[in-house]
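**Q** Each chain, letter by letter, is given below.
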Amino acid sequence: MEDLLKLGDKSYRSRLIVGTGKYKDFAETRKAIEVSGAEIVTVAVRRVNITDPNKENLLDYLDPKRYTILPNTAGCYTADDAVRTCRLAREAGVGKMIKLEVIGDDKTLFPDIPATLEAAKILVKEGFVVLPYINDDPITAKKLQEIGCAAVMPLAAPIGSGLGIRNPYNIRIILEQATVPVIVDAGVGTASDAAIAMEMGCDGVLMNTAIAGARDPILMAEAMRLGVDAGRKAFLAGRIVKKLYATASSPIDGILG
Amino acid sequence: MKIHLNGEEKEIADGLSIAQLLEELQIRSGRVVVELNRDIVSREAHGSTLLKGGDALEVVHFVGGG
Chain A
206 MEDLLKLGDK SYRSRLIVGT GKYKDFAETR KAIEVSGAEI VTVAVRRVNI
256 TDPNKENLLD YLDPKRYTIL PNTAGCYTAD DAVRTCRLAR EAGVGKMIKL
306 EVIGDDKTLF PDIPATLEAA KILVKEGFVV LPYINDDPIT AKKLQEIGCA
356 AVMPLAAPIG SGLGIRNPYN IRIILEQATV PVIVDAGVGT ASDAAIAMEM
406 GCDGVLMNTA IAGARDPILM AEAMRLGVDA GRKAFLAGRI VKKLYATASS
456 PIDGILG
Chain B
99 MKIHLNGEEK EIADGLSIAQ LLEELQIRSG RVVVELNRDI VSREAHGSTL
149 LKGGDALEVV HFVGGG
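Residue numbers (this note's numbering), protein chains in the order written: chain A, 206 to 462; chain B, 99 to 164.
No lab work stands behind these hints, which were simulated from the structure alone. Among the hints, a few may not be true.
[Unchecked claim] Derived contacts from chain A toward chain B, CB cut-off under 7 angstroms, selection only:
#1 ALA249
#2 ARG252
#3 VAL253
#4 ASN413
[As the list claims (entries may be wrong)] Okay, derived cross-link-like pairs now, DSS-like style, lysine-lysine, Cα gap no bigger than 30 angstroms in a straight line:
#5 B:LYS100 with B:LYS150
#6 A:LYS301 with B:LYS100
#7 A:LYS215 with A:LYS227
#8 A:LYS236 with A:LYS215
#9 A:LYS270 with A:LYS215
#10 A:LYS348 with A:LYS301
#11 A:LYS312 with A:LYS326
#12 A:LYS227 with B:LYS150
#13 B:LYS150 with A:LYS260
Just so it is clear, the structure is predicted and the values come from calculations on it, not from any experiment. Glycine residues also receive a C-beta, built at the ideal position from the N, C-alpha and C atoms.
Could you build all of it, start to finish, from the sequences and the hints given here?
**A** Structure, rendered in structure tokens:
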């Protein structure tokens, strides 16, 4: 049976979700995303620059027929702003799946959880497929899945920090109790971070800076694809138990005496 | 007349529709979403929605983000 990531009413072969920010230009964005194998890409909603309306648009480079466009609510500090942003995004006609993030503080970019819960309730009621960015907090994860979110997305570490999973024990608890996919969102630095998340049993990984900020974003996009795949396969294969002492790999019988 | 366009005051001709304003600004309507006084205006209604002095218009689109 094919191993698919199910979000809302859609299924995906790729378990890597990538952002589209911080690339040198749209051509590099497109290339990196292509190489990453991602089928879902995040975008932000912003005012058009009226004095110099850029004739090129991100969606000229990313065909919404090929990719699921996942608008985010980055930069929103209140539930109201986040809901407003989601409604605008839906009007653009790229579907009803959104990445909900209500930021609590611009230094840490940690989420404002009460505001996230408030926005999630409204958005779920309005028919959005809500993927919320949260702390690595099992209680918040539980509340959001009870509200009806299609996944929960705990951070590995602060957005853009590249620190990798800071609290694997909390992620394990979140995984244990999850009834929806768990996607590690933010804080991944390199391919092994993504592999570790997947080996633990996470359903996917979402990242932007780790790829866009690498010296060679295209090569890192490939590394991340392989890291996520390797981690997923290792999880499905079932790793051996860790032991303190050696166990010989070669037969004990027939040793020259 | 004056309207607020993306947070800035702008002088435009009286009786302009949203579609006409976007055209004047050389903005492709297919790639943007418009909000008038906090209400979303669907693309189909751009032509029939006329602007009034003091209106607050937001024109947004997708940009790179994580």
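**Q** Please go over all the hints and tell whether each is borne out by the structure.
**A** Right, here's what the structure says about each hint:
| no. | hint | result |
| --- | --- | --- |
| 1 | ALA249 | holds (3 angstroms) |
| 2 | ARG252 | holds (4 angstroms) |
| 3 | VAL253 | holds (5 angstroms) |
| 4 | ASN413 | holds (3 angstroms) |
| 5 | B:LYS100 with B:LYS150 | holds (8 angstroms) |
| 6 | A:LYS301 with B:LYS100 | violated (35 angstroms) |
| 7 | A:LYS215 with A:LYS227 | holds (28 angstroms) |
| 8 | A:LYS236 with A:LYS215 | holds (24 angstroms) |
| 9 | A:LYS270 with A:LYS215 | holds (13 angstroms) |
| 10 | A:LYS348 with A:LYS301 | holds (21 angstroms) |
| 11 | A:LYS312 with A:LYS326 | holds (27 angstroms) |
| 12 | A:LYS227 with B:LYS150 | violated (38 angstroms) |
| 13 | B:LYS150 with A:LYS260 | holds (27 angstroms) |
Hint check: violations occur at hints 6, 12; the rest are consistent with the structure.
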